[in-house]
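Enquirer: Quick mapping for you: the protein sequence lines, in order, are chains A and B.
The opening residue of the first sequence carries number 1 in the working numbering; numbering runs sequentially from there.
The opening residue of the second sequence carries number 390 in the working numbering; numbering runs sequentially from there.
If you're looking for bench data, these hints aren't it; they were derived computationally from the structure.
Careful, some of the hints might be misleading.
Which stretches of chain A does chain B cover? Using the computed rule of at least three CB atoms under 8 Å from a CB of chain B, they are [unchecked claim]: (1) 35 to 48; (2) 103 to 114; (3) 186 to 194; (4) 352 to 365.
Don't be surprised by glycine CBs; every beta carbon is placed ideally from N, CA and C.
Okay, here's what each chain looks like letter by letter:
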Amino acid sequence: MKPRRRMQLAMSGGRPDRTPFMCQMSIGHMLQQLNVAAADFWCDPRVFADGLVRLQRQYGFDGILVSLHGHDPEWRQNIRERFPTDGGESIRWNDGSVTFFPLDDLPHHTPVSEPEPREIDPSLIPKEIDYIPVSQGLHFHVHPKHAFDILHRVRSLAGSDVAIHAEVTSPFDYFLDWLGHERGLMVLIDDPLTASLMLKKFAAGVAVIADGMCREDIDAIKISSPFAGAGFLSRSHYEEFILPHERTVVEAIQRTGIPAYLHTCGAIGDRLDLMKRTGARGLECLDPPPIGSTDLEEAFRILGGSMFVKGNVDPVNTLLLASDAQMREDVCRRIALGKKYGRFILSTACSIAPHVPKEKILMMRSIVEQDQPRKRTIFGKKAVHRHDT
Amino acid sequence: MTPEFDELQTALIGGNHVRTAEMTQSFVTSGATPQDILEKGLLPAMQVVGRRFRDGEVFLPEVLVAARAMKSAMAVLEPLLAAAKYQSKGKVVLGTVKGDVHDIGKNLVGVMLRGAGFEVVDIGTGCAAEKFVDAVRKHQPHVLGLSALLTTTMTYMKTVIDTLRSSGMDVPVIVGGAPVNAEFAQQIGAAGTARTAGDAVELVHRLIPQA
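If we strip away everything but chain A, and leave its shape as in the complex, we get (with noise of 0.2 Å):
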C-alpha cells in the first residue's frame, strides 16, 4: 500500500495495511540530521524543501509535515551580514536586526529596538496576516506572493504517493503573541469580551491561510496550539476562547474536504471531550505522563472513534532517556492500542528532540514495519460508514 493511502485510510477510518508512521521533528533535529547550514535550512525554500524530503526517505514517514510555508525565495538580498558564532551563525539584515541560527534549535531573533506593547485593540488586528509566530519574539515572515509554494514544491520532489500535511497557528497563539503571553493570559480575565472579538479576528485571518493550503495538493492540515491545554488554561476558559476560534479554522479546512486535526502539548487529558468539540477529525500529541496527562488508551475511549489519534510516544523519556528494551515496550504498546480502536498513526507526542539519535527513529520504523492488519477494530466499522462515503 502506498504511504499516502496508508495515512488516508487510517485518517478516515479505513483499514491500512499497517500502522501508519509519520513523526513531526524539531527543526533541531533536522537540522542535526541533514548537515545543512542552519540559516539556510530556515529561510531557503529550496534547502528546506529537499530537507523535508530527505528526512522523509531517511525514516520512511508515510508523510512529511510541512511547519512552514511563505519562505521568499530571495531572502538573501535582505543580508547585510553573515558570519559565524559560538554555536552557530548569525545574519545581520538590512533593517539591522540579527538571527542567530543555532545548529541543533529555533533561530534566535534580536530585533533593533523592543516592541512597544500593544493596544489591547480588536481594530488593530490586520485581516491578512503575513506571519507565522514561531516561538517567544520569532516570527516568520509570510511572503503574500509566495504563501504556499513550499507545499508545491515538497509535493513535486516527494511525489504523490507520500502524505503531505501542512500546519497552521491557533488563534490563540497569535493572540498571546500580539499581546505578550502574560498579559494575553490576564486579558482574558480582564475583558473576555474584547479578548473574544480578537480571537474572532484572528481566527478570521488564519482561516484564510488555511483556505489557500487546501487548494494545494495536501492531506491534511495541523493547527499547532501549544498554549491551550490544562498547564495554562481552564476547561471553562477552553471553551471560552479556543473552542469557537479553532473550530471557525476546523471548518474553513473541513469544508475543502481536507481534515484538520490539533495539536497541543503537556496535558489535555481533561479536555478531549472539548478538542472533539472543535469538529476536528484528529488529534496529534497526547503528551503522556510526565510531559502531559493523556492516557492514550483512556484517549482512545473518550473520543470513540470519532478522530484519528496521531501520537503519543513520549520523545524526551522515551526515546531520548529510555533504554531499546523500554522503548520497543512503548512503542509496541501504543501500536496494539491502535489496532484495537483504530483511526490510529505512530508518531511522538511532541516533536522528535534534537538530540535523538536517528536510530531510535529506525527501530520504530523496524517495529511498525513488521506489524499485522487487525480485521476489526472496536470503532472501525462505524468509522468506515461515516467518512469513507
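Keeping the supplied structure of chain A fixed, place chain B upon it in accordance with the hints.
Expert: Only chain B this time, still in chain A's reference frame:
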C-alpha cells in the same frame, strides 16, 4: 486566614488589583503595621491561590491577576517594610540558561515565590554560567533557580552548577522545565526539581529552613 483581612484577601484572590491596593492603603492609614498586612493578609491569600493552582482549581490567568494584585499591594507596603527593616523569607535568583529564550515557566515560579514572601531576582533568559556566578556573588541568594524548556539546553544546567562550584559557591541550585526530572537533577548535582511552580515554592521552603 485572618477575619480582619477577609475583604482584602478576597480582592487579591479575585485578582482585583485596584481594590487590593486601595484596601492595603486603607489598612496602612488606619494604623495596621505593614508586617501584619503582609503576613496576615496578603501572604495567606497568595497561599490560597498557590494551593488552588496546585490542585487544578485555578489556572495561569487567575494566578497572574492575583500576582498583579499582590504587586499593587506591595507597591504600597515596600517603602514601609524597608523603613522597618523587614526581612523577607529568603532571596532566590532565577534565570533561564544559555541558548534558551523561554521564560514563561521561570516567570511563573517567580510569581509564586514572590507571592509566598520570598525576594526574587530575575536575571532573564539566555544566561551564561558566568552571569549566574556574578548574580550569586552580587545578590547572595539562599537558592538559585535554573530554567530550561529544551532538551538541548537543559544539559547546560550542569555547566552552570560546575562553574558555581569551581568558583567556590555552594548555593543550593534548583532546576526546572518541561524535560527536567528528579533523576536528571540528581545527576547534575542540583538540590532538587519541581514539576509545577507551586511545587517549586515548597522546594524552596524546604531548602531555606527558617522560611
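Enquirer: For this structure, which hints from the list above don't hold up?
Expert: 1
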